[in-house]
Amino acid sequence: MIDPITIVLITLGGVLVGLGVHFIPVGGAPAAMAQATGVGTGTVQLAAGAGLTGLISAGFMYNELATSAGLSSSNMILVMASGAVGSMIMITVTMFIGQLIYVYGVGVPPVSAKVKKDPITGDVQDIYVSKGTEGHGVPTVSFVSGTIGGLLGGLGGSLIYIQLMNIGGDHTNSGIVALAGIFATGVFYVNSVIASYNIGGTIEGFHDPKFKRVPKAIVSCLIASLLCAIIAVPIMGGVS
Amino acid sequence: MSTAAGGPASGGISPNNIVVLGVVGGLAGIYLTMLNQTLDTTIFSFLGGIGAIFAAVWGADAVRRVCSYGLGTGVPSIGMLALGMGIVAAMFGLALPESDLVTLPNFLGPIISFITASIMGLIIGIMANKILKMNIPIMEKSMVEIAGAGCLVMIGLSVVIVGDFRFDEGIVPGVITTGYIALVFIGGAMAMLHPFNACLGPDERQYRTLTVGVEKTALMMVLVGVASLTEINAVSSALTIVIGLIIFVVYFKKFLEATHHDAYLITGTGLLPTEEELE
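The listed protein sequences derive, respectively, from chains A and B.
All residue numbers for the first sequence refer to my numbering, where the first residue is 1 and numbers rise by one.
All residue numbers for the second sequence refer to my numbering, where the first residue is 1 and numbers rise by one.
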């Protein structure tokens, strides 16, 4: 009835979402005024935007591949890959368009204030930081980090969705599809908010000193997702 | 990104009174829609919306109290968290009596949802303080309140659409399969997070913030009323829409009055000068 592996996989999905949020360069309100590195909006909005796009692409793939017998393991990887790519496209497009506005609209160079040299390109950073700001735009390292964040978030979100759909069992029943989707959204939001409380506002990516707080978020997301999974599994099994 | 204040919010109606108002009003509104099944009609669906208003006001007050400490991530995140917890708990509570796992009467659904949401809120609140070290003294209590209110807003608005809170008969075919659940999710979150997000600052006052809460939920009631046109009969939907609009207009006026009352000076600036006048 209640399959422990399903619960473990949903929990893992939640933890991946929480981990992924830490990679996304979130600048919050300061970044909206080009006074901090990252995209100028909150963690939850960015993570949810990317996560929901991932969910849609995963859902599309699931519908293509699922048979009445459910989903085979190799197809599961395809669905997860589809979700991950969807999330990555969404987050990279957001960062890229934001970057265009920062560079050509606001007129600031993309630069990180947390490191002296970009860990990927080796470009000097500190001399380009405007006085009184904490960097601006999306430098290469943040862009790469954000893409990794989209990958992890998309994988996590689609893993949750696949598991819920597998318990539901009938991919042609739109009630089950919608319930799995909205449950996955709920779990996604809970984990991304917990992760954003751990970050406490802004983060530049994996090179940011705040990234060292990740273990605390993983523990918290593990507990929260486990709770959601235990609640979700019996419901999905019970829908007629 | 953090809100300006750094201490507890004060003034106005005491938190305990609001909790009672939210829980009793919210659950009463939801349960009164059972009149629909008793009398075989859908005309009482709007009562779910009234319940949602009580619950959302409670939620908005809890958001106001916890966010006045400054979360560091902006107010919207907590509204999304509330409805994230609320939606998982609401579906669980409503579906449990209909599942094969236990035999429970259908009418216990909303109460099971509410209790589940409160437990989830408590665990997440404890984690926020103990593991994430947010160190907000009222975090545990507020999270319980926010999750509970989120769950009641969810159920209340969903009931408006189908006039029935039973899972297999009402919620699944009417709200989930049709996709209105997404509207309820985001709209419910808005009703709870927007009041404080709009009014925050050193001159924030409980009365003004909560007026926005009522007005915003009434607006949501109108929207779900429109959605309910496809699910229940037109008379019941129209009643929901009209009642929602009346509450919206009344409370929007009250909000304007409160804003004028709190403002130091109201002055007209006139229209922008035309190009000829500038020369």
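No lab work stands behind these hints, which were simulated from the structure alone.
Just so you know, these numbers come straight off a predicted model, no measurement behind them.
Take these hints with a grain of salt, some might be off.
[As the list claims (entries may be wrong)] The calculated SDA-like cross-link candidates involving lysine to any residue, where the alpha carbons are at most 25 Å apart (straight line), are: (1) A:Lys116 - A:Leu12; (2) B:Lys130 - A:Leu12; (3) B:Lys130 - A:Ile218.
[Stated by the list, open to error] Chain B regions said to be covered by chain A (calculated; three or more residues, Cβ under 8 Å): (4) 26-33; (5) 206-220; (6) 264-277.
Even glycine gets a Cβ: it sits at the ideal position worked out from N, Cα and C.
Hint check, failures only = 1, 4, 5 and 6
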